[in-house]
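K.L.:
Given next are the chains, with one letter for each unit.
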Amino acid sequence: MPGKLKAKIVAGRHLPVMDRASDLTDAFVEVKFGNTTFKTDVCPKSLNPQWNSEWFKFEVDDEDLQDEPLQVTVLDHDTYSANDAIGKVYIDIDPLLCNEAASVISGWFPIYDTIHGIRGEINVLVKVELFNDLNRFRQSSCGVKFFCTTSIPRCYRAAMVHGFVEELVVNEDPEYQWIDRIRTPRASNEARQRLISLMSGELQRKIGLKVLEMGGNAVVGYLQCFDLEGESGLVVRAIGTACTLDKLSSGSAPNTATHTHPNTAPASNACNSPSKDGKEPVFGEDLLSSSGPPTPFRALPTSSSSPPPLSPSKPCSRQSSSSDTDLSLTPKTGMGSGGSAGKEAGPLKTLLRQQTQTALEQRGASSSGLLLNAREFPFFTLTSFPPGFLVHVGGVVSARSVKLLDRIHNPALGNTRSYKLLDWNSVTADEPETRDAWWEEIRQEIKSHAKALGCHAVVGYSESTSICEEVCILSASGTAAILNPRYMREGCLDIGIVDHRFEDPSPPSCGFCHIPYDELNMPFPTQLTYCYHCRRQKVPDVLFTTIDLPPEAAVTGKGCLIQARLCRLKKKAQGEVNATAISNLLPFMEYELHTQLMNKLKLRSMNALFGLRIQISIGENMLLGLASATGVYLTALPAPGGIQIAGKTPGDLSNEHHILTIQKRINDTIAKNKEIYQINPPKLFALDPEVFCGTNMELTEEVVGSPIPEPRQRSRLFRSHSESSDEVSELDLSHGKKDAFVLEIDDTDAVEDIHSLLTDATIPTGFNSCNTEIMPGIYNWTSAVQMFTSVRVFRLSNANLTNQGLNKIFTDLCENLLKSFYFKLRSMIPCCLCHLNFTVAVPEEELIQVAVTAVAMTYDKDQTQEKPAEKPITKGCIETEEQLQFPMELCADSSSTNTQLSSKISVSSLERSSPVPDGRSRSLRSTRGFGGSSVTVVKMTPLSFLPGTRIIKYLGIINMFFIRETTSLREEGGVSGFLHSFIAEVFAMVRAHVAALGGNAVVSYSMKECVFMENPNKNQAQCLINVSGDAVICVRETDQEPVPSNIGQTCTSETDGAT
Amino acid sequence: MAMELDVFVGNTTIMDEEVYQLWLDGYTVSDAVKVRMEGGVMEECEASADVLLSDTMDQYRTFQMCERLLYSPAKLANQLLFQIPPHRQAILIERYYAFDDAFVREVLGKKLSKGTKKDLDDISAKTNVTLKSCRRQFDNFKRVFKVVEELKGPLVENIRQHFLLSDKLARDYAAIVFFANNRFETGKRKLQYLTFQDFAFCAGQLINNWTVGAVGEQIPTDHQRSFRFYMDVDLDKEFLQELKELKILITDKDLLDQHKSLVCTALRGKTKAFNEMEANFKNLSRGLVNIAAKLTNTKDVRDFFIDLVEKFIEPCRSDRWTAADMKLYLTHYTNSAHILDTFKHQVVWDRYMGVIKSCIFKMFHD
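As they're listed, the protein sequences go chains U and D. Going by the numbering used here, the first sequence wraps up at 1059, each residue one higher than the last. Going by the numbering used here, the second sequence wraps up at 366, each residue one higher than the last.
To be clear, the hints were calculated from the coordinates, so they are not data collected in a lab. Just so it is clear, the structure is predicted and the values come from calculations on it, not from any experiment. Hints are not guaranteed to be accurate.
Lysine-lysine pairs mimicking DSSO-like chemistry, simulated, CA-CA at most 27 Å apart [said to hold, decoys possible]:
#: 1; chain 1: U; residue 1: Lys8; chain 2: D; residue 2: Lys75
#: 2; chain 1: D; residue 1: Lys299; chain 2: D; residue 2: Lys260
#: 3; chain 1: D; residue 1: Lys142; chain 2: U; residue 2: Lys45
#: 4; chain 1: D; residue 1: Lys327; chain 2: U; residue 2: Lys45
#: 5; chain 1: U; residue 1: Lys572; chain 2: U; residue 2: Lys808
#: 6; chain 1: D; residue 1: Lys75; chain 2: U; residue 2: Lys45
#: 7; chain 1: D; residue 1: Lys146; chain 2: U; residue 2: Lys45
#: 8; chain 1: D; residue 1: Lys362; chain 2: D; residue 2: Lys299
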């Protein structure tokens, strides 16, 4: 009984009229927590009732406090018939369980009904008294802080990063239970909302337990997702990065004990001494010697961790690595046919197995990948890092797997809450193909990819699914990287390899670009040159990553959003046939997306992508692929070559003329883009672009120069080179990269490619766009912020569409959305659309849905041209050191560079902290308190910060799930009207909850899910939205005196923010 | 590209003032897009017609959703659905309650009933204001009327507080409410030359001087009628009764002559129209005093303005008085009555003539 929850119902306002006769309402409130319910008195005949109830007290376990929401139901009293529900409010009390977050929840909450939307507001007061019993953390994990932010939150310092935490819980979807046939849509929706709320709470609690076990106190980069699998159930899963965070203002000394790893290891020539596969077993030993608390697997036989390096992965060796889980990478993942693996056709199975195995062999990483204990995935959901954390970046790693959904077997649901904790594999032991095992496979795959790139960690890691009927694509992607192990809990990383690497004093502005893999034994063919920045180590010609641009990186010019879009038709099919068809299409799609990205990158004369996110969505008769990233020109990398057009039939004069025109257009576009993005790389190191281009030309001509008549053949060519297995394909498709330089004009696809390249609309002047946190090249944000969500659904009218036609439609859809944003936000010019997050879906056979959430931020035009000057180095440095989120000693080995960096940062923050003219900005803040409005202004942003402000407190995570349904679609303004008001309602409810916690902003806001279904014939529609973010209190930077601490903190915020 | 669904929702509600005006003016989406295209907004941001259409639809939807809140503007400030900066809220409200003078001129003094609403299409055709806009304006009048009709206290202040309108707009609404409540006739041909602002001014005068609220009477004498007595939407009945006493000015021959000679003495040599003034004095005086005496009849209250025009302004105009002449005449006409020693109703006279004077000044267009 370690907690007492108290709730008080104060008043209501703007209630709907429930009694037509009197035009009034007799409202009362039911307050429910767990199985206990209290009621207020009826407040007769009022639309603005004042209940002013007593304190309703619930004595509950802290475990329940974490899982359950407080449920407030407003009803209309009816003497003769059943009371009518007006609506509900679910209040997540988790923020009250952590003493550093909110202490009371108090405010007006919109009363929400799944059929009618918001119906008035209710004022509620909630408090929790926790009886602290520190040794009781068995089932509950109160006190663990959660952050959606994918960087170390402002006003905290990371004493230690423990590593990856994941969990998932499953249940039957109430919508598909038998009872749904007899209950009202409202009851069904509410059951679903409540269940998901419960499941999220449970999930969060379990993740918290894992974190406590690891010795951490927080989860950063917490990413929670729902898989609505229909008949087969409902999965709520989450991943995150466990950390030990210290609050900055507390001034506590950093936890240095964990960082005493000797840094006196012999400094060998780091980058040139490759990490050979033979060395990798070291990892296994390291792991075993690790003193990390959690691993129940520590007792695994050592023998299993050292099979011969290149042995193909056989089931037997796999099983030895993890006793409970059947980790078989090959046969089961082959088609992922759920529980029906036995039904698979024999030959197909063998074929798949062979493919996978050869793939693994080629990569030469399979063996070492399996050495790792299943639980110890060196993955980090963070996308930006404190200085010195990220040593090298290898490239993007991704894995996809197609699965057939089957009913989830979940014996442990309900009464035994902690089934996973006690033996987290017990469920999977019963049913090997559960979702846990699926993800496990994918993660293994990712890990082995990272290994192949000579990296021991994956950063910017994320997971996603796309479901259509009973087929599901699981995707995971991240960036292979080498991290500085001193930030990590021991054993969490493969320290063996890197020990000597981070000793290398490579400058932070280019160090992360240096290749982590062996030059002589490259995982994929690429062009290496000496770093254009330091000239000491090798860099690749192009770098793709899923992380944010490191703030210290040297960048030339500005960045921009780059998108590759693709549609592929697919025959309608059922079950395994369908899954096979999808599996077969996936590698081609990835390849084409990759080619598009590469071409567009070159067209913009850039050489690196950050924040790369590739989404593949399945529909009944098509697949949609959307890759978004922010392109930049990294000064350290060579200048990209141009794009050459090659004709198939030489001698055809008219054709040649045509080619020449196109070539000219392309060259012109490149030149124009260089101007737009201000890309003037320093001449000093730049190779003659002509020469560079020329060499590429030759190379490519060898590969693809020969005529390839059909697209199909071209794909096959790729396939033979491809390492990816049929269902899991890897994104380091760089081997296909070279033909990106040459576009075959006779190939219809290529014509299409060129066309789409050149038809990509240019951004109107005054606008910039990116999908990362901050636009490279813009440093002086003003305070105006406009977060928005836009959803478009296009109905394909033409029944027999071609792939090309579809591509065009899809591309236009995305381009038009962007154009629309530019137009709507034109009053904010100069402004940048940051964190443009596109989500595509195929909700029905002929529908394409694109949802975008982003934030528009204004900046000061005059200063955009260059990074802030590096003037007061000493001052900035000292102040920064004092307040750095990471203990200074951690950066000691790169102190010189750190100095440089911090000075830069602090200067920019000083500039930014100067009063911003609010006149032009649309800032709400500037007009706050105007007119005596009682509603707190709550800003929202998908970024981890708000420009011009300083976050002083994190109040807890916001994670809300809403369902809205209507049976009067036309009356509500059609589908657009319906969704428009629903999104507005969701925003309103988020804002209300944040305000009730005492906050004034939401950072790292995201709309995880927006599932829209309609049936216009029945005049019905339903929509599900899941949003999350961090509730914070922020103050204006200028509100504070410019004391060092202030500067220090803005520094750190800049550090994270600039990435 | 025709979208099945196309929405854009900002955390801070985005509203384009130009589009808002088009919406208020009752333009359809496609007409609004045309107007915007002609306005050159496309060049501003390299937009296409599609973009413009999508934006216009979004904004129209937003306005439609906001409309419900605008019915009781106080709600707009503490609703949670839309995050709108306060200064924008003020613009939204002010513009929503703004009206076309041409339209209001047509319904001024009419009963704000369903019957009138049915005639709105005729008014729309006549005034060139779209039917949609007419309906909005009419409903606004009706809504304001219903709310303040039964409220105590000063009319303008009530309107301003309940509808968060600017002072100017609140005064205009007060006029509309006052006219609708007293059903003043404004539609006759002879009154056509008067603008809404002329009437609004007169209404202001009447409200400030001839209602119960005007005298600052706070304690109701009669409990049952206290409800009505507090308010200044109705004329002060006691005052109207007292106005009957003024009849003595025209019924008592001596008094009439005395009054005439006093006025003529004062006016002599000061105006070119002196002869006409002298000749018409008795007529004009009879006219004004008769208006006063008849105001106890509701029917005659309705004809107040037409009477002013027929009995006073038209005769003067036919005699080619200037505005200055008018001012001079009325000033002396009012003041001279004070010198009449047998005339005892000085207070009522001043209260009456003060309003009449300013109304006539306003209504007398050169």
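K.L.:
Against the earlier hints, flag every one the structure doesn't satisfy and list their numbers going up.
P.N.:
Hints 2 and 4 are the ones this structure does not satisfy, whereas the remaining hints hold.
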